[in-house]
Amino acid sequence: MGVYTSRDINYLKEQARLLRIEILKMLTEAGSGHTGGSLSSADLVTALYFYKLRHRPSDPFWPERDRFILSKGHAAPLLYAVLAMTGYFDKALLKTLRKLGSPLQGHPSSRMLPGVEVSTGSLGQGLSVANGIALGLRLSNSPARVYCLMGDGELQEGQVWEAAMTASHYKIDNLCAIIDLNGLQIDGPISAVKNIEPVDKKWQAFGWNTIEIDGHNMSEIVDALDRAETLKGAPTVILARTVKGKGVSIFEGKVKYHGVAPTPEELEIALKELSDGAKA
Amino acid sequence: MEPRLKSFYGVEAATRDAYGETLYRIGLENPDVVVLDADLSSSTKTSKFAKAFPERFFNMGVSEQDMMATAAGLSLTGKIPIASTFAIFATGRAWEQIRQSIVYSHLNVKIVATHGGITVGEDGASHQAIEDIALMRVIPEMTVIVPADAYETELVISEIVKFNGPVYVRLGRAKVKPVMPEDYEFSIGKAYVFRLGRDLNIIACGVMVKEALDAAEILRERGIDAGVINMSTIKPIDEDTLLKAAEAPFIVTAEEHSIIGGLGGAVSEFLSSAKPRPILRIGVRDTFGTSGSSKELMKYFGLTSEEIVRQILESPWIGLATKGGKDISTSLVAK
Numbered sequence: 607m608g609v610y611t612s613r614d615i616n617y618l619k620e621q622a623r624l625l626r627i628e629i630l631k632m633l634t635e636a637g638s639g640h641t642g643g644s645l646s647s648a649d650l651v652t653a654l655y656f657y658k659l660r661h662r663p664s665d666p667f668w669p670e671r672d673r674f675i676l677s678k679g680h681a682a683p684l685l686y687a688v689l690a691m692t693g694y695f696d697k698a699l700l701k702t703l704r705k706l707g708s709p710l711q712g713h714p715s716s717r718m719l720p721g722v723e724v725s726t727g728s729l730g731q732g733l734s735v736a737n738g739i740a741l742g743l744r745l746s747n748s749p750a751r752v753y754c755l756m757g758d759g760e761l762q763e764g765q766v767w768e769a770a771m772t773a774s775h776y777k778i779d780n781l782c783a784i785i786d787l788n789g790l791q792i793d794g795p796i797s798a799v800k801n802i803e804p805v806d807k808k809w810q811a812f813g814w815n816t817i818e819i820d821g822h823n824m825s826e827i828v829d830a831l832d833r834a835e836t837l838k839g840a841p842t843v844i845l846a847r848t849v850k851g852k853g854v855s856i857f858e859g860k861v862k863y864h865g866v867a868p869t870p871e872e873l874e875i876a877l878k879e880l881s882d883g884a885k886a
Numbered sequence: 229m230e231p232r233l234k235s236f237y238g239v240e241a242a243t244r245d246a247y248g249e250t251l252y253r254i255g256l257e258n259p260d261v262v263v264l265d266a267d268l269s270s271s272t273k274t275s276k277f278a279k280a281f282p283e284r285f286f287n288m289g290v291s292e293q294d295m296m297a298t299a300a301g302l303s304l305t306g307k308i309p310i311a312s313t314f315a316i317f318a319t320g321r322a323w324e325q326i327r328q329s330i331v332y333s334h335l336n337v338k339i340v341a342t343h344g345g346i347t348v349g350e351d352g353a354s355h356q357a358i359e360d361i362a363l364m365r366v367i368p369e370m371t372v373i374v375p376a377d378a379y380e381t382e383l384v385i386s387e388i389v390k391f392n393g394p395v396y397v398r399l400g401r402a403k404v405k406p407v408m409p410e411d412y413e414f415s416i417g418k419a420y421v422f423r424l425g426r427d428l429n430i431i432a433c434g435v436m437v438k439e440a441l442d443a444a445e446i447l448r449e450r451g452i453d454a455g456v457i458n459m460s461t462i463k464p465i466d467e468d469t470l471l472k473a474a475e476a477p478f479i480v481t482a483e484e485h486s487i488i489g490g491l492g493g494a495v496s497e498f499l500s501s502a503k504p505r506p507i508l509r510i511g512v513r514d515t516f517g518t519s520g521s522s523k524e525l526m527k528y529f530g531l532t533s534e535e536i537v538r539q540i541l542e543s544p545w546i547g548l549a550t551k552g553g554k555d556i557s558t559s560l561v562a563k
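Those protein sequence lines, which keep their order, are chains A and B.
Following this note's numbering, the numbering of the first sequence begins with 607 at its first residue and continues without gaps.
Following this note's numbering, the numbering of the second sequence begins with 229 at its first residue and continues without gaps.
These are computed hints drawn from the structure, not numbers from a lab.
Being a predicted model, the structure only gives us computed values, none of them experimental.
Ideal placement from N, C-alpha and C gives every residue a C-beta, glycine not left out.
It is possible that part of the hints are untrue.
[As the list claims (entries may be wrong)] Okay, the calculated bits of chain A under chain B, using three or more residues with CB under 8 Å as the criterion:
#1 705–717
#2 721–729
#3 758–771
[Unchecked claim] Anything over 12 Å on all C-beta distances counts as not near chain B; from chain A, calculated:
#4 D614
#5 K800
#6 S881
[What the hints assert, rightly or not] In the DSBU-like style, the derived pairs of lysine-lysine whose C-alpha atoms are separated by at most 30 Å in a straight line are:
#7 K631(A) x K862(A)
#8 K808(A) x K777(A)
#9 K279(B) x K838(A)
#10 K777(A) x K276(B)
#11 K276(B) x K523(B)
#12 K279(B) x K777(A)
#13 K234(B) x K523(B)
#14 K472(B) x K390(B)
#15 K418(B) x K472(B)
Please take these sequences and the hints and turn them into a complete structure.
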């Protein structure tokens with residue numbers, strides 16, 4: 607068994623709120639990093655680490671663990687914050703994000719930080735790695751499952767579709783891909799830079815089960831994760847419609863905050879808004 | 229039980245054939261070994277493993293980038309993945325996947341690429357990797373190995389499976405004559421010295437080892453004492469052996485690869501500061517390959533023993549090397 611198994615929606619929503627606070631604090635301290643995409647995936651990753659994943663923070667290499675691959679590696683602050691909150695390392699380490707000598711590299715490095723399964727940051731590679739892990743687990747008759755979080759801009763990488771073909775060809779059903787469809791990439795709206803829609807039909811055409819949800823609705827997220835586990839014979843992708851910068855109104859839907867950290871003043875506004883959220 | 233070795237000793241065969249057989253034997257012994265290929269298994273010779281162990285063979289189709297990152301994932305579950313395709317696609321098409329998902333994460337993935345160099349022949353430049361050694365060597369922590377014959381290939385493949393870490397092995401398409409002695413033992417990072425020369429030493433890898441040995445014979449008939457070294461591990465390079473080789477006043481490198489960034493580059497980088505010597509780099513001279521038979525192409529690109537001899541004799545350093553002996557370095561290079 608893993609350590610975190612709560613399906614209590616209010617508990618999970620509260621963890622997501624606390625997670626966003628940690629993300630914003632560490633980004634502000636670092637002075638650079640990816641705010642928008644960390645916040646848009648926060649609810650999804652909360653549901654994974656506090657409910658779905660069978661993992662043991664005190665034993666990051668537990669062979670039976672479910673694996674999480676952050677293919678959209680620029681959301682590193684999100685991964686670091688959730689690892690710290692679930693006990694992989696001391697929260698004080700979050701202050702060292704992006705600093706010389708820190709294991710909290712600008713993009714996740716597995717060689718430097720236990721809990722990071724594989725180094726990511728160059729987009730489009732995570733799903734292939736996740737396939738490989740899933741195939742290896744299957745060969746070893748392991749019950750563990752693999753989760754891979756991708757961004758929507760990332761779907762412009764050709765390798766994603768190579769991997770999509772591999773997963774359906776090999777009927778990799780111990781794998782669940784999750785796509786954070788926040789609609790924005792660095793240069794602007796995805797629909798303007800290079801359209802990726804219709805996303806659902808693309809994945810279906812590649813032989814995948816698709817589950818489309820509101821990526822900020824915790825009930826929908828946990829239901830989707832549960833349902834994905836029951837679907838056999840083909841890989842499953844959760845298409846999560848999200849808002850970039852979700853949780854803080856001054857960041858929401860703004861292209862600028864893809865790769866920009868909050869200023870101390872913006873952090874103050876954000877923390878107030880998030881604490882008001884706790885009272886609401 | 230160790231896989232039965234030495235079955236390729238003294239055998240003239242393509243290194244890819246030795247690979248296919250050795251891979252099959254390792255498959256019998258080691259259940260953790262899994263193999264990936266990108267729709268070229270009949271050419272890379274992974275097909276024998278594929279037929280014998282279908283559950284441990286993954287044909288990734290024509291998707292080299294996906295193949296490399298999938299291999300990375302398999303290694304994360306304790307498997308020992310060996311990924312094969314042609315050298316140009318392995319190292320060119322999937323370079324960043326190798327860098328990012330395999331080597332930066334320091335994963336135990338072996339990349340065994342066939343069809344390295346111009347001896348690919350008739351397929352032409354698109355399929356002739358003359359940059360692969362450079363592309364792999366430049367990645368931090370990567371190990372790069374180029375076996376000289378079928379026997380060495382057998383030993384190399386057996387050895388890398390026991391080694392924990394990413395490795396690139398470059399093999400060829402064409403048959404090569406046997407050069408390595410029966411008592412040869414391969415270990416990563418250790419060059420094999422056939423003999424050290426008084427006038428010059430030829431440091432070679434892959435198919436060029438045989439050419440270098442033949443060239444040394446021709447030179448000997450002309451009164452020039454040339455040594456030959458098989459530098460099969462290009463990274464990490466055997467610095468001790470290079471220092472010994474540089475006791476001679478003149479160094480020649482020979483590779484079936486661009487003269488930029490490969491064996492010649494590696495030797496030059498080390499000796500330029502450790503023990504400066506004039507270095508003649510024999511290889512493909514910053515040009516693309518072309519169609520033709522492998523034999524024709526070896527001559528066309530100046531890689532045969534006769535061409536090695538000609539280039540050595542035409543080098544401005546050879547006269548000094550034979551006349552001035554060991555004093556060449558003091559007369560030409562500021563100490």
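Taking the earlier hints as the rules, which of them does this structure contradict? Every hint satisfied by this model.
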